[in-house]
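Keeping the supplied structure of chain A fixed, place chains B, C and D with the ligands upon it in accordance with the hints.
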Amino acid sequence: MTETPTRANRPALALHVPEPAYRPGDAPDFSSISVPAAGEAPRPDIAAEAEATQPLTTHLVRVLDDEGRAVGPWDPRLDPDTLRKMLKDMKTVRVFDDRMYRAQRQGKTSFYMKCTGEEAIAVAAATAMDPEDMHFPTYRQQGLLVARGYPLKTMMCQIYSNAGDPLHGRQLPIMYSDKKHGFFSISGNLGTQYPQAVGWAMASAIRGDSRIAMGWIGDGATAEGDFHSALTFAAVYQAPVILAVVNNQWAISSFSGIAGAEQATFAARAVGYGIAGLRVDGNDALAVYAAVRWASERARSNKGPTLIEFFTYRAEGHSTSDDPTGYRPAGEAQKWPLGDPIARLKAHLVALGEWDDERDAALDKDLDAFVRAAQKEAEAMGTLPQQGFDNIPSMFEDVYADTPWHLAEQRDASMAEAREFLGHEPK
Amino acid sequence: MTETPTRANRPALALHVPEPAYRPGDAPDFSSISVPAAGEAPRPDIAAEAEATQPLTTHLVRVLDDEGRAVGPWDPRLDPDTLRKMLKDMKTVRVFDDRMYRAQRQGKTSFYMKCTGEEAIAVAAATAMDPEDMHFPTYRQQGLLVARGYPLKTMMCQIYSNAGDPLHGRQLPIMYSDKKHGFFSISGNLGTQYPQAVGWAMASAIRGDSRIAMGWIGDGATAEGDFHSALTFAAVYQAPVILAVVNNQWAISSFSGIAGAEQATFAARAVGYGIAGLRVDGNDALAVYAAVRWASERARSNKGPTLIEFFTYRAEGHSTSDDPTGYRPAGEAQKWPLGDPIARLKAHLVALGEWDDERDAALDKDLDAFVRAAQKEAEAMGTLPQQGFDNIPSMFEDVYADTPWHLAEQRDASMAEAREFLGHEPK
Amino acid sequence: MTQGPTKTRNMIEAINDAHRVMMERDETVVVYGEDVGYFGGVFRATAGLQKQFGKTRCFDAPISEGGIVGTAVGMAAYGLKPVIEIQFADYIYPGYDQIVSEVARMRYRTAGEWTMPMVIRSPYGGGIFGGQTHSQSPEALFTHIAGIKTVIPSNPYDAKGLLIAAIEDPDPVVFFEPKRIYNGPFDGHHDRPVTPWSKREEAEVPDGHYTVPLGKAAIVRPGEELTVLAYGTMVHIARAAVEENGIDAEVIDLRTLVPLDIETIEESVKKTGRCLVVQEATKTSGFGAELAALVQERCFYHLEAPVERVTGWDTPYPHAYEWIYFPGPLRMKNALKKVLA
Amino acid sequence: MTQGPTKTRNMIEAINDAHRVMMERDETVVVYGEDVGYFGGVFRATAGLQKQFGKTRCFDAPISEGGIVGTAVGMAAYGLKPVIEIQFADYIYPGYDQIVSEVARMRYRTAGEWTMPMVIRSPYGGGIFGGQTHSQSPEALFTHIAGIKTVIPSNPYDAKGLLIAAIEDPDPVVFFEPKRIYNGPFDGHHDRPVTPWSKREEAEVPDGHYTVPLGKAAIVRPGEELTVLAYGTMVHIARAAVEENGIDAEVIDLRTLVPLDIETIEESVKKTGRCLVVQEATKTSGFGAELAALVQERCFYHLEAPVERVTGWDTPYPHAYEWIYFPGPLRMKNALKKVLA
Ligand SMILES: Cc1ncc(C[n+]2csc(CCOP(=O)(O)OP(=O)(O)O)c2C)c(N)n1
Ligand SMILES: Cc1ncc(C[n+]2csc(CCOP(=O)(O)OP(=O)(O)O)c2C)c(N)n1
Ligand SMILES: [Mg+2]
Ligand SMILES: [Mg+2]
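Quick mapping for you: the protein sequence lines, in order, are chains A, B, C and D.
Mapping the first sequence onto numbering that gives the first Met the number 0, position 400 (from 1) lands on 399, and the numbers just tick up by one.
Mapping the second sequence onto numbering that gives the first Met the number 0, position 382 (from 1) lands on 381, and the numbers just tick up by one.
Mapping the third sequence onto numbering that gives the first Met the number 0, position 220 (from 1) lands on 219, and the numbers just tick up by one.
Mapping the fourth sequence onto numbering that gives the first Met the number 0, position 318 (from 1) lands on 317, and the numbers just tick up by one.
Treat the hints as calculated values from the structure; they're not laboratory data.
Quick caveat, the model's predicted, so the values are computed rather than measured.
Be a bit skeptical, because a hint or two may be false.
Listed below are the simulated PhoX-like cross-link pairs for lysine-lysine, each with C-alpha atoms no more than 20 Å apart in a straight line [claimed, not checked]:
#1 B:Lys152 x B:Lys87
#2 B:Lys178 x B:Lys152
#3 C:Lys270 x C:Lys337
#4 D:Lys54 x A:Lys302
#5 C:Lys54 x B:Lys302
#6 C:Lys337 x C:Lys269
The shape of chain A in the complex, shown without the other chains (with noise of 0.2 Å):
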């Protein structure tokens, strides 16, 4: 310890712990939460400077009413189709989520990890977005495989490490990477691919090509440098990229204040770097595919990046790792004032006269009985605990382009050891 000066006239600091509202025990009470109403905010120009982008940082752009109704400048007046479409992509994503989790809680994998209550905002990304643009997503963005058809099957058998995984068993359940769907490898590393977004952005920037990307961050990874990067390197370079914040308000155990969100919202982030911001309901089909299309045309148009803060709310544990009710109350998800993506987007399909009960139920029969169908055709090619064993020299594929001597020798030992094991040879 240095010395402590005599400094009598000056007043003591104190360090300042941001801590979430409720704690387990607490009753969480989201009163105080003010939730503008929908169709308030307004919808500047697509060309607008970044800096009149900053009232949108704060308020919360929402399309949606309590009453299913689509209203404001923000209605993106999708066709009954499209919206139809996203409604069932939102569900299949849960039912996924759903089945998989079992999966893993029966021990048919390592890990699994869902996006309750997030269901909109990849989904209606993807819907906004064309097909050739690129996605950097994190683990959470699972609805835009789903929505761009990526095989459900396929998702399984990377999940469970099987003989269809395409990644070979290498990677951790749901760290998806399909260049056909344009969405990039995820990565375990927080905030990597938020760089990288912009890179390939340049890049199509730089080739005169027409494709943009859209990079993904979870509100406790902002913090990361990765996070900055791509800020300056997007500002600088004007960059067509969208970059997405989904701020589900916890990261594992710690909420959004330690991430900074307590003294300014990451929405308003952008704007100090130039960049566009706006800030939008996240459980909110409309007002998010609303956003990523602004943003979009603003990108196409080189009128430079976006960054879009989904404000939603992580409705479950953090993954299969993850109990929540050790640092939140169990009923937060629940209370939370923004409601249920899917409830709210088949509302207004209600509202539209495009939708009802009875065709809802048939759609859950349905997407229950498409979900099992594709697990039993995954399951059949095997789950984790069966696996490792198989081709093992495709182990050591892939570190290069071709297999320099030394992973040549591991191979073969590898192959020896394997070979000792099992009392005969691998397949």
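Same frame as chain A, now just chains B, C and D with the ligands:
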């Protein structure tokens, strides 16, 4: 190259690469830069919400007007003695820089960095803060040491890496470090000191101390991830810290646009994090003083951190390794509209009737003699070319508190080598 | 080997207790990292500390390993002793610049004026189906950096004693904890149940303060036929393999990689004339290379066979191929045979 | 060894030319980094490229090594071939996470779907009074990482040929350039003038396209008495020391550290029976350790003496003690004598 889709209806994207207004051969003309009149910027309460400082992040806090008068709410109303002390310190820095630059050119050391044109910033900041407060500087804040009375001779000994060098010849010239003068060890790695300053301030708050910290960074280095860590931690824990960005508009050969200054000011970053931001005329010693004072009062009363952008111009090369005529017009510094900080402070003192040309000339003469005398003393202890074979064992000290066996062995081998090389026992 | 009353503790409990002991003794010790505050860490190593010592002594940090280390530098400069957690060793890289360029060199570059007494704790290693980013063993990336000490315990007793020693040490310590054995030692036979710590003597952990000195290895099994150098989880794999194969090997648990206990190593290898080096990390440029280089440099004329290395393969850690990657009993056995041939 | 007309070029000119050749042949090659655009880099390695190829093919980057590498990952994913400069190897650490966690593992983790053909160039090494942060040799921090290749040229001919090969390589390459010999080879005698490149055959650099293959070492001096393994600046120190001391050593310039040319090494050591390994980096856990470990593993029964290492010391690189730190002629001589004893 991935397949280029046929997306005929989509416009071609283009990469924007920022370019400074003038390159070698151009005639620089800063008339387009709008310099707000002195005294115009409002001075918010030190407890103001960070958001309330937003207008001050694009404006420019200026106190000294063109006639050398101090005007407006930011006038710190300093007594003449303090003003004269600042003038003397600023002049000392300039003389020191000139002599050390020349010493490097004479081969007496390997490297030097001047802060010409930026003298007001460090000197006035040091004057505005308490002597017990801690600075985490970069390599252009020699003014802090001068203002705090650190011996010039010791600075020179560090520059010569000679027997009087408190850092034992281990650091590049100008990478000073002195705990007693509240001057943290300068790092060669840009940006690292920024979160360190925040950590020191957090520690002071944890201990209920009353001392605050000030971190320094250049415009170019704000792009490093450490800048973001610093702002994030400062905001989250409301650390009692002042974060200075010295925007001298150039990194080495790249201008501030490559760090993002085309799109937003550096001060504007602050508000996005919920940190108070000020943009200040860095060539106006009174404005610098007033802003640092405001921020230190805010920090001391647990009202949170402040980021201050000091707008200035790097009047000379980046270092002795750099020749700026390779990338910017030769006469730019002279055209720079915010003038010379020493001339401006002098004009103020003259306007106050507290100074005149005679005293000024006398001071210049004194300082010249003073710096020369220090240099003579320092050089009596040796210059770099004579170093490197005395006290070799010291080279192996301070890697750890105690010397482990492997370093002891290496030390002995090194001594044997030196003995052989010199033909006698090293000192 | 004990002081005062002991209690059976697993490694997490031992580590948790080391924190508590030091926070009680030294009010300058502060503990932070991702999820370490209210929740007590994803592995619960810091459970209960916030409650006992308050929010300003133990708190959650933003997800910014660079910021965590960077602020710790400032705190150490102030005079505190930060004990920070990096949630997984695989996530230490964003903090690597601050560790390498700042923490490691501060004492040196300031000629001792500013020192960095801090501990950077992090769970490392595989065997838990954690995939590429929850399984790495990056110790060699720290042993190459002058100015930091690298410590890896292999059991609860050492974990507590070494962590206390690390916190008390005047130099910065990178403290890697083998997460595979947090709850019980592991002999490498993934198809058999694990012995819990409670069945092992090294889990008898004294209450209160004691230290296991940094820089001192332990001979965990004396022997004559060959010397096995191991650390962390690999100590258990090595011991089990030696015993299963009826080999009279001397197994040395290095405990501290830098500074290394070269005396114990040299003495043993000069006695046995043979040496096997074990690491879980990828082979090339791992710490095993340094060990092999040192042993042959210093014991060459005593060696009857080349120093062999048992290591992880030079690939990322592949999720489904956990047990093909992991340096287990068979890899050990084959290497032991080779060294003895 | 040449193709077409040649011109005398120093290393910077050779490197600059490699860029130009590849930017002309392949429009997906983009070049960026701090100060590399208008000004052409602080060492001028990219001089003239922006003028010739335009601002979107060669440009200045923000001072963010993490952002430079991170955006390069995205560009490579798009289908470009980024050739990026890190201004000094000492400043590569903020980009280390992106290199280790992303660049190195992308091909593997995507089962070959996304590859990372990029080159990360950076001047490294001491001998220029650059102090602690302009002198480092961090190659071992990359050789430990599976998935990247590490290349270090020692002369203009190789620099151009290896850089072209690296740009054409389908895998990511970390390309460290020995800045001490940019302008002329250096025999380690800091008190004597340096021979300019123009006096050396390896500075006869062909115009246009040619490659020096990655993974192939060069025997720069054949010999019988012992084998010296070196790379970068140290190749010159080694050669000079061998010649000054009249030793008939075989000096091998590794050129690529990973993947290593093990065949050339083994053949030589089996012939000479003795081996000296040279690196400028700090000793502990340097790449020399891997070389020593490999050589004794694979050539043990041919070795007549331990493999010795000549290295920098395990301290930061101290400004005034440049020539005490630097592994120069005397350290070489003493080690050569030891290996031959
Ligand atoms: C660099 C890095 N540090 C730490 C972790 C461990 N980790 C995984 S997820 C997570 C929380 C992320 O929270 P957030 O960004 O809000 O995303 P969310 O899970 O809420 O979608 C943490 C700390 C990691 N994966 N990578
Ligand atoms: C991490 C790191 N990257 C690069 C450098 C090389 N470098 C030294 S100074 C400098 C320019 C810094 O510009 P700025 O931050 O504006 O400070 P100024 O020199 O203008 O005061 C660069 C690129 C470095 N020292 N550290
Ligand atoms: Mg979150
Ligand atoms: Mg600058």
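Hints, one by one, checked against the model:
1. B:Lys152 x B:Lys87: holds, 17 Å
2. B:Lys178 x B:Lys152: holds, 17 Å
3. C:Lys270 x C:Lys337: holds, 18 Å
4. D:Lys54 x A:Lys302: Measuring from Cα to Cα gives roughly 19 Å; hence the hint holds.
5. C:Lys54 x B:Lys302: holds, 19 Å
6. C:Lys337 x C:Lys269: Satisfied, since the Cα-Cα distance of roughly 18 Å is no more than 20 Å.
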